[in-house]
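Student: Okay, here's what each chain looks like letter by letter:
Protein chains: 2
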Amino acid sequence: MSTNKERTALQLRSLVKPSGELEVSLVSVPIPVPAPSEVLVRIEAAPINPSDLGLLFGAADMSTAKVSGTASHPGVTARIPDAAMKAMAGRVGESMPVGNEGAGVVVAAGSSDAAQALMGKTVAVLGGAMYSQYRSIPVDQCILLPAGASPAEGASCFVNPLTALGMVETMRREGHTALVHTAAASNLGQMLNRICLKDHVALVNIVRKQEQQDLLRAMGATYVCNATSATFMQDLTDALVATGATIAFDATGGGKLAGQILTCMEAALNRTAKEYSRYGSTTHKQVYIYGGLDTRPTEYNRNFGMAWGMGGWLLFPFLQKIGPEAVAALKRRVAAELKTTFASHYAKAVSLAEALQLDVIAVYGKRATGEKYLINPNKGST
Amino acid sequence: MSTNKERTALQLRSLVKPSGELEVSLVSVPIPVPAPSEVLVRIEAAPINPSDLGLLFGAADMSTAKVSGTASHPGVTARIPDAAMKAMAGRVGESMPVGNEGAGVVVAAGSSDAAQALMGKTVAVLGGAMYSQYRSIPVDQCILLPAGASPAEGASCFVNPLTALGMVETMRREGHTALVHTAAASNLGQMLNRICLKDHVALVNIVRKQEQQDLLRAMGATYVCNATSATFMQDLTDALVATGATIAFDATGGGKLAGQILTCMEAALNRTAKEYSRYGSTTHKQVYIYGGLDTRPTEYNRNFGMAWGMGGWLLFPFLQKIGPEAVAALKRRVAAELKTTFASHYAKAVSLAEALQLDVIAVYGKRATGEKYLINPNKGST
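Residue numbers (the working numbering), protein chains in the order written: chain L, 929 to 1310; chain D, 929 to 1310.
None of these hints come from the bench; they were simulated from the model.
Check each hint, because a few of them may be wrong.
Identical chains blur together in the list; that is why a pair holds if it fits in one copy or across any two.
[As the list claims (entries may be wrong)] Dumping the calculated EDC-like pairs for lysine to aspartate or glutamate here, alpha-carbon to alpha-carbon at most 20 Å:
no.: 1; residue 1: K1249; residue 2: E1102
no.: 2; residue 1: K1014; residue 2: D1163
no.: 3; residue 1: K1014; residue 2: E951
no.: 4; residue 1: K945; residue 2: E1022
no.: 5; residue 1: K1014; residue 2: D989
no.: 6; residue 1: K1014; residue 2: D1166
no.: 7; residue 1: K1184; residue 2: D1222
no.: 8; residue 1: K945; residue 2: E1203
no.: 9; residue 1: K1184; residue 2: E1227
no.: 10; residue 1: K994; residue 2: E1282
no.: 11; residue 1: K1294; residue 2: E1282
no.: 12; residue 1: K1249; residue 2: D1068
no.: 13; residue 1: K1249; residue 2: E1097
no.: 14; residue 1: K1202; residue 2: E1022
no.: 15; residue 1: K1259; residue 2: D1127
Looking at chain L on its own, in the form it has when it is part of the complex:
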């Protein structure tokens, strides 16, 4: 890094213009010099999580997407519907880096012992702006990967593993003994299934396709219900009777699914009830919506008594609530079981420039199960 040219690197940015245009582009930014307690990581793998897509494309209508920029600095533009601009108000005019988490090799380190100890090591990192070729980051936001683990293997160390562990932890802390999960064949869902098998927690998996049902069963799942089946409500109620699950985590959010889960929980509780209760079961039934794969409005019939709740669930407030010691324990578990419980699978690894190609966006933008992409910002350059 001796010339000016070498001191800049590519970073992906997302900008909402006051005109209602979204512009996602690659910009050249200076390679940062790590502070004493920081390390400089050459990012080699960063997943495109649903939470990243929200920041990346905002509320833009991606059917209007057009290529822009130059060959070396390609970009994409798209229209944001007027009605959606209100929710974007806070970020208008601000060019925002993207990418919650990633992994790579420490190529420079600050003067502290903790930073120096990571020199040359492969680490997983959390902290935003991971769709960058280089990222300087405090040591305490890194997880040192076990020897032999590649950046791709460690790229999803934080969001999915801590979310899946957070669901089980939330279940326990709120007094439930089994749980329900939707979009259950996702990377996150498979992880949750492995955690529950290992920890002997009963899990009811809800999917939308026969092959997802087969996949989860092959992975040892006992309860897998297909929401598109004619017998879904009956199947789900049976699984809820068998497991006693009274808390669910729903990745879809829209449509009737969250309400159907509450309806079936109530039916399961009433199936074993001994006397008529005019206000329904007194057992609290909870659905946490943690994603928005289904963008339709949420709709439910209130046929599940009065002891129920729906609400948002988000990883970071949860981590704050449980405190640093509990979080550190969860992170240690992730590192220890990285290649087993917390293994992730990706359909493809793309470069920053490839991530901005319309045909590529069309695939990963669908958020479809089994089509998760990884960005390698240094693909071809290392």
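Model the placement of chain D on the given structure of chain L, informed by the hints.
Tutor: Just chain D now, kept in the frame of chain L:
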């Protein structure tokens, strides 16, 4: 009470038959003899609360109601739609007495001092089966009314007052400082308005009619929004900015109102936010649904970030949660402010037989604001 004839009295019963027929009738039951710690109350006033209507008519289609029974023991029958019979399963074949609360005069008392002390006194009572001419009940389920208070004035001592106080108490215990209430011109809503004025708690009242808006303003309410107004969302957001209310109690349940409240809470929070938060405001926003005046499905757009909750709220679990000492304190306040803060108004007082006339049911069955009825089981007989 020297002859057999005098030892029975009328009681209203609701029965769901296996055939899907609802039968509401008056039956003769023995006048109970109070146990040592009980008093026998001649019930002279019992309100028809929405919670009573649920038990009274169940899921019956009251447009199919027909008169049955005899002149001295009149009744009403109606069809329960097949789809609704599932939820009725627990009560099929069981003739159930109705009426959560009421008030009357103690005409006999058990041997305990506490019971004897109430002899001849006017008391408010909670405990079901209040649509009866006589009710024997433990002393600790009575509130001794202040001297000069009539049974009609004390008839609604429990459900509405404790519900309204419970809302303010829930607001405080969950860390909010102001609240929103829907169907705000109801007896309960007027009570809540008086409590909030007295306790200096900011309250946002949501109503559906101009005259309800006028009524509440005349009663000193500062924030009254009309949900049928074209500027409702703007008006509500303004009121939420002014009050900082982040918790709501919704009596309607169905339709879009609960979601609109969360949307406006989020807009109010973002109006003063300093930077863009991709997951929306981090302040928790809560809507508790405590009634079902609107029987349509509940529908919402998830445009209020991730820090939100919807859920059922019910008086009795709340009272259990706060414990007997806190409940006793609330009851003391109700008795002390019976003719002011907790005054109720009724459109009409009817006898048990009148309560089963189809034209009378048509009025109180609507649950319309300002049309609450009182049953006097001893009307004409005292």
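Student: All hints are to be evaluated individually against the structure, with a verdict given for each.
Tutor: Now the hints, each set against the structure:
1. Taking the shortest alpha-carbon separations for K1249 and E1102, both the intra-copy value of 13 Å and the inter-copy value of 15 Å come in at or below 20 Å.
2. Taking the closest pair of Cα atoms, K1014 and D1163 come within 20 Å of each other only across two copies (17 Å); inside a single copy the shortest separation is 41 Å, beyond that limit.
3. For the homomeric pair K1014 and E951, the shortest alpha-carbon distance inside one copy (17 Å) is at most 20 Å, but the shortest distance between copies (54 Å) is not.
4. Taking the closest pair of Cα atoms, K945 and E1022 come within 20 Å of each other only inside a single copy of the chain (8 Å); across copies the shortest separation is 66 Å, beyond that limit.
5. For the identical chains of this complex, K1014 and D989 are intra-copy neighbours only, at 15 Å inside a copy versus 44 Å across copies, given an alpha-carbon limit of 20 Å.
6. With identical chains, the CA atoms of K1014 and D1166 are at most 20 Å apart between copies only, with a shortest distance of 16 Å across copies and 44 Å within one.
7. Proximity of K1184 to D1222 under the C-alpha cut-off of 20 Å is found in both arrangements, the shortest distances being 10 Å within a copy and 18 Å between copies.
8. Taking the closest pair of Cα atoms, K945 and E1203 come within 20 Å of each other only across two copies (16 Å); inside a single copy the shortest separation is 60 Å, beyond that limit.
9. In this assembly of identical chains, K1184 and E1227 lie within 20 Å of each other by CA distance both inside one copy and across copies; the values are 5 Å within and 9 Å between.
10. In this assembly of identical chains, K994 and E1282 lie within 20 Å of each other by CA distance solely inside one copy; the values are 14 Å within and 72 Å between copies.
11. For the identical chains of this complex, K1294 and E1282 are intra-copy neighbours only, at 16 Å inside a copy versus 62 Å across copies, given an alpha-carbon limit of 20 Å.
12. Taking identical chains as interchangeable, the C-alpha atoms of K1249 and D1068 lie at most 20 Å apart only when both belong to the same chain, with a minimum of 19 Å there against 41 Å between chains.
13. In this homomeric assembly, K1249 and E1097 come within 20 Å of each other (Cα to Cα) only inside a single copy, at 12 Å, whereas the closest approach across copies is 24 Å.
14. In this homomeric assembly, K1202 and E1022 come within 20 Å of each other (Cα to Cα) only across copies, at 14 Å, whereas the closest approach inside a single copy is 60 Å.
15. Taking the shortest Cα distances, K1259 and D1127 sit within 20 Å of each other inside one copy (16 Å), while across copies they are farther apart (47 Å).
When held up to the earlier numbered hints, the structure conflicts with none and fits them all.
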